[in-house]
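Let chain A serve as the given structure and place chain B on it in line with the hints.
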Amino acid sequence: MKKRRSGLTFQQLILRLERFWADQGCLIAQPYDMEMGAGTFHPLTFFKALGPDPWKVAFVQPSRRPTDGRYGQNPLRAQRYYQYQVILKPAPADVQAVYLKSLECLGIDLKAHDLRFVQDDWESPTLGAWGLGWEVWLDGLEVTQFTYFQQVGGVDPEVISAELTYGLERIAMFLQGKLDLYALQWNEEFTYGQIHRRDEVESSTYNFEHADVRFQRESFDRAYEKSRELLKAGLILPAYEQLLKSSHAFNLLDARGAVSVNERPTLIAGVRALAKQCAEGYLKRGQTPRGLTPSGS
Amino acid sequence: MVQSFLLEIGCEELPADYLPAVLNWDEQGGLASAARAAFEEGGLPWSEIRLFGTPRRLVLLVQGVPPVVERTEEGPPVQVAFDPQGRPTRAAESFAGRYGVPVSKLVRKRTARGERLVLKRRIPAADLLREAIPAILRGVPFPKMMRWDASGARFARPIRWLLALYGSRPVPCAYAQVRGGSVTYGSRRQGSRPVLIKSVPSYFAALKRLRVDLEEGQHVRRTAEAWELIPLRRRKRERLLKLLRAAARKLKGRLQDERTDEFKWLLDTVTFLAEEPVVAAGSFRPEYLALPPEVLSTSMAKHLKLFSVYAADGKKLLPKFLAVLEGKPKDSARVMANIERIIEARFTDARFFYQEDTKGRLEGKVPDLAKVVFHEKLGAVGDRIPRLQRLLKALAQRLSVSDPTPWELERAAHLCKADLVTQMVREFPSLQGTIGAHYAGHDGEPAEVVRAIAEQYRPRTANDPVPPTPLGAMLSLADRLDTLIGYFGVGLKPTGSVDPYGLRRQALGFVRILIEPPPPLSFAGLSIDRLSDEGIQSWGSRLKADPAELKKDLRAFLRERFEWLALVAGRFEREQAEAVLAAGADDLAGAWERLKILSSFWNDQRKKQTLLRAAKVAERTGRIVRAAKETDGVGRVDPQRFTESSERKLWEAWSRVAPMIQEQIAGGRWVEAVEAYGSLYPQVHEFFEKVFVMDENPDLRRNRLAFMKEIFQALGGSFADLSRLPLAEERQKVGA
Chain A
1 MKKRRSGLTF
11 QQLILRLERF
21 WADQGCLIAQ
31 PYDMEMGAGT
41 FHPLTFFKAL
51 GPDPWKVAFV
61 QPSRRPTDGR
71 YGQNPLRAQR
81 YYQYQVILKP
91 APADVQAVYL
101 KSLECLGIDL
111 KAHDLRFVQD
121 DWESPTLGAW
131 GLGWEVWLDG
141 LEVTQFTYFQ
151 QVGGVDPEVI
161 SAELTYGLER
171 IAMFLQGKLD
181 LYALQWNEEF
191 TYGQIHRRDE
201 VESSTYNFEH
211 ADVRFQRESF
221 DRAYEKSREL
231 LKAGLILPAY
241 EQLLKSSHAF
251 NLLDARGAVS
261 VNERPTLIAG
271 VRALAKQCAE
281 GYLKRGQTPR
291 GLTPSGS
Chain B
1 MVQSFLLEIG
11 CEELPADYLP
21 AVLNWDEQGG
31 LASAARAAFE
41 EGGLPWSEIR
51 LFGTPRRLVL
61 LVQGVPPVVE
71 RTEEGPPVQV
81 AFDPQGRPTR
91 AAESFAGRYG
101 VPVSKLVRKR
111 TARGERLVLK
121 RRIPAADLLR
131 EAIPAILRGV
141 PFPKMMRWDA
151 SGARFARPIR
161 WLLALYGSRP
171 VPCAYAQVRG
181 GSVTYGSRRQ
191 GSRPVLIKSV
201 PSYFAALKRL
211 RVDLEEGQHV
221 RRTAEAWELI
231 PLRRRKRERL
241 LKLLRAAARK
251 LKGRLQDERT
261 DEFKWLLDTV
271 TFLAEEPVVA
281 AGSFRPEYLA
291 LPPEVLSTSM
301 AKHLKLFSVY
311 AADGKKLLPK
321 FLAVLEGKPK
331 DSARVMANIE
341 RIIEARFTDA
351 RFFYQEDTKG
361 RLEGKVPDLA
371 KVVFHEKLGA
381 VGDRIPRLQR
391 LLKALAQRLS
401 VSDPTPWELE
411 RAAHLCKADL
421 VTQMVREFPS
431 LQGTIGAHYA
441 GHDGEPAEVV
451 RAIAEQYRPR
461 TANDPVPPTP
471 LGAMLSLADR
481 LDTLIGYFGV
491 GLKPTGSVDP
501 YGLRRQALGF
511 VRILIEPPPP
521 LSFAGLSIDR
531 LSDEGIQSWG
541 SRLKADPAEL
551 KKDLRAFLRE
561 RFEWLALVAG
571 RFEREQAEAV
581 LAAGADDLAG
591 AWERLKILSS
601 FWNDQRKKQT
611 LLRAAKVAER
621 TGRIVRAAKE
631 TDGVGRVDPQ
641 RFTESSERKL
651 WEAWSRVAPM
661 IQEQIAGGRW
671 VEAVEAYGSL
681 YPQVHEFFEK
691 VFVMDENPDL
701 RRNRLAFMKE
711 IFQALGGSFA
721 DLSRLPLAEE
731 RQKVGA
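So the sequence lines, in the order shown, correspond to chains A and B.
Per this note's numbering: the first sequence ends with 297, consecutive numbering throughout.
Per this note's numbering: the second sequence ends with 736, consecutive numbering throughout.
The set of hints was computed from the structure by calculation and includes no laboratory data.
We put the CB at the ideal spot given by N, CA and C, even for glycine.
Careful, some of the hints might be misleading.
[As the list claims (entries may be wrong)] Residues from chain A that keep clear of chain B, each with C-beta distances beyond 12 angstroms, as calculated: (1) Ile-28; (2) Trp-55; (3) Arg-64; (4) Gly-270.
[Claimed, not checked] Once the Cα atoms are required to be at most 20 angstroms apart in a straight line, the calculated EDC-like pairs of lysine to aspartate or glutamate come out as: (5) B/Lys-305 <-> A/Asp-121; (6) A/Lys-111 <-> B/Glu-276; (7) B/Lys-596 <-> B/Glu-578; (8) A/Lys-111 <-> B/Asp-213.
Just chain A, with the same shape it has in the complex:
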């Protein structure tokens, strides 16, 4: 593969962000090992945004959105992509300036480009979470979602967090001057397409054509029921993991066109109720000074 004359490779981009946010005092965490629609679902975001304790974390989270699959044909959309998520709690007063510095550290000369904070009110109905903030536009390209959480798991958090979600592919496209995400250089040797295009075609085919509706419906119901049981037993993280499973099953059913418009609000409300109970359960149990420890140790 020939080397790009300018712009970071996909992996350099991630490394730079890791470095930058580590220097800002963030815990550098790892992706969660379950399917989720966005980094917000990561327990280190969802739970840690609750309660009074300060928290700073940064991590890559692969995000699955079955309905966004385009069989690898769309240059901007895919059913699985990477988010880089940063949580700053409490949101520092200079959070915008720090964020802009992170862009500069990626080699973006802000004076040479058109940068905007365009209103975007974020909401996750399944998580019972919403916040206000912006899409950050770089020459019209949405590169980051910037949100001040106002509610998480149906709970108004005591301390407001800022959530920065970098669209890694978008930023890499911007840096490398490519229109097509599959043409991105992952490193100097491989393109993003070489790593993921084939997976994208197969997964889109699975999501849209082969995912077993009955099986997914059962998975949804079972995970939902299990989650309720686990909540009763006071096992918050396991209950939350079942919520993640039911949420993903819902997304697959949606991609198969198997969610009627009538039942959609009901199913979403069900998952949201679980999220609320998880949040409340977490807060009730939150005596441990360091809060959640996903390893269970």
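Same frame as chain A, now just chain B:
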């Protein structure tokens, strides 16, 4: 000497959509009201309030604030304030203590609540301003508010700095975790550079140097009695529009229709998306012009806030666009190249949707509408199709219309909602109807049907024209009536200011179509009540409301919209609107016609005299009819029962005139009808002088009432209840 007070609220980027309201562009509320309320609360005089704003700052300038405000604080009554020995009591001391003065500073004063101790204070304006600032900030309303720091304070986006000056003095203040100061910051393009501001006038000069272009909001001036609005000048928006027009001309084109809501929204948005706006031009590959132009322009406007450029004739889209950038970047060409690549990606997406959608015919998507929910309680959109067809059929029959043909009506209703399940409308919901029409045209559907599909949602807003074709108008009417009946029928009427389904807008559009029909259509004579019966039946058992109640509510709802249109859009007098509605509020199209005639009479000196004579007949007969509670079922007039000569005389005259009036009304010869009616006045006058209507004998009484009712109804039941016109004032003017 009075001075100006300046408050700059430095924010993280405020939503562009919020700023017009905050700056009071179209409405009350907003920052001006918050400031007025806070000044009133603090007892602070002012002469003028001016508002300015950008995405990162809201600026309030209050002129004519005196340096010291005199205020009298009322203390305890004198008899409570001193004991019998004349020594001050605790009541007096604690009152004085509250203001940190000795009791000797208090004076006696007669007040409305008896003689009291009072304290005359001279409070520096700065103290009052310091208290007013948090009140102002708390008082600014936004559609959505947020918390951002531990203070729990709420605003549209985080406040990061406050600049507060009174003349050349900083006003110490605090809100949330921000302390007021005398520093402002430049635009992001200028690196948000801090600048010390020494006085109010120097603030505006400093912002100019920092290249921050403030947009103006509503200015309010205080007058002797109240306050008045100074005509709004949106200078930044105007400048930007001129720049955009010039840039379009340079591309040998012109901007899209500047009257459309999309254009106005886009111009407002870009005005408030940049502190230092700069216009730049770009282009895209001409092959995308094969897509519907609305798709391209909406995609550019909604997704990227870009302006489309049309050929000089205003019809054909050019493969160009205009962007409003935040300041001039070091490398504009590169920025535009980046934007062009995003457009390319967006258009590729749109083309993908177009290709997917047009793989089959539009009618093939109709069955999928069974899966689209209209409303949880109201079933699927697919269920609407047969109802719309039934309503259209009934409408055509009542209007005796044969063009559009029954087949066209059925076809239009069948296809009109199918685009809701296309990928394109899922991506661009605002293009519903437009996309359906494109696809229907692509499928070779008849031109009338295609147009009706495009027009079915018109008028979308108050300024949007009604559908220009008869089929489009009929479809839109049916759509709206079906919607209103459905929502009303399951108890989802709007209440107060809450109208989540936009039913007022739906109803307003409904009435507008009735009163501005596309030629040759006319809805005069159409009974909404009877049409609603058809609509209610078509819903079957799904509706929970009692049909009679439902119709009553619907009638009242439509009537309110009619009155609004009469007063605001038609600029008719309220009494005139009430007069025609009293004569019949079911046929609203007819009522509008009658309102126009009534108003033309009123505005013509000669016809007005005729009208006033007729109005006097209506007034006298109407008054007695209304006063008597038993006019229902008084039956027909029996001339045999008349006993007085005056009543026979009136009956004779009436018998002569009544058939004429009837004929004139039927022929629409309103002037003559009103004239004939007014000619009865001498006999009517004599009747009321000589005859006592409310006779003890019930037969005589009922017969006379029946007579009066017949006369009153002749115009009052068909044209207008003329007795509702403001006759008393007119009588004085014309000396009648």
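The hints, checked one at a time:
With a minimum CB-CB distance of about 25 angstroms to chain B, A/Ile-28 clears the 12 angstroms threshold, and the non-interface call stands. The beta carbon of A/Trp-55 is kept farther than 12 angstroms from every beta carbon of chain B, the shortest such distance being approximately 15 angstroms. Chain B leaves A/Arg-64 outside its interface by the beta-carbon criterion, the shortest separation being 20 angstroms against a cut-off of 12 angstroms. Remark: the non-interface label on A/Gly-270 is consistent with the geometry, its nearest Cβ contact in chain B lying 16 angstroms away (cut-off 12 angstroms).
Simply put, B/Lys-305 and A/Asp-121 have alpha-carbon atoms about 17 angstroms apart, close enough for the 20 angstroms limit, and the pair holds. Between the alpha carbons of A/Lys-111 and B/Glu-276 the distance comes to roughly 14 angstroms, so the proposed pair stays at or under 20 angstroms and holds. The straight-line distance between the Cα atoms of B/Lys-596 and B/Glu-578 is roughly 13 angstroms, inside the 20 angstroms bound, and the hint therefore holds. Of the supplied pair hints, the one linking A/Lys-111 and B/Asp-213 holds, its CA atoms being roughly 18 angstroms apart against a limit of 20 angstroms.
In this structure, none of the earlier numbered hints is contradicted; all agree with it.
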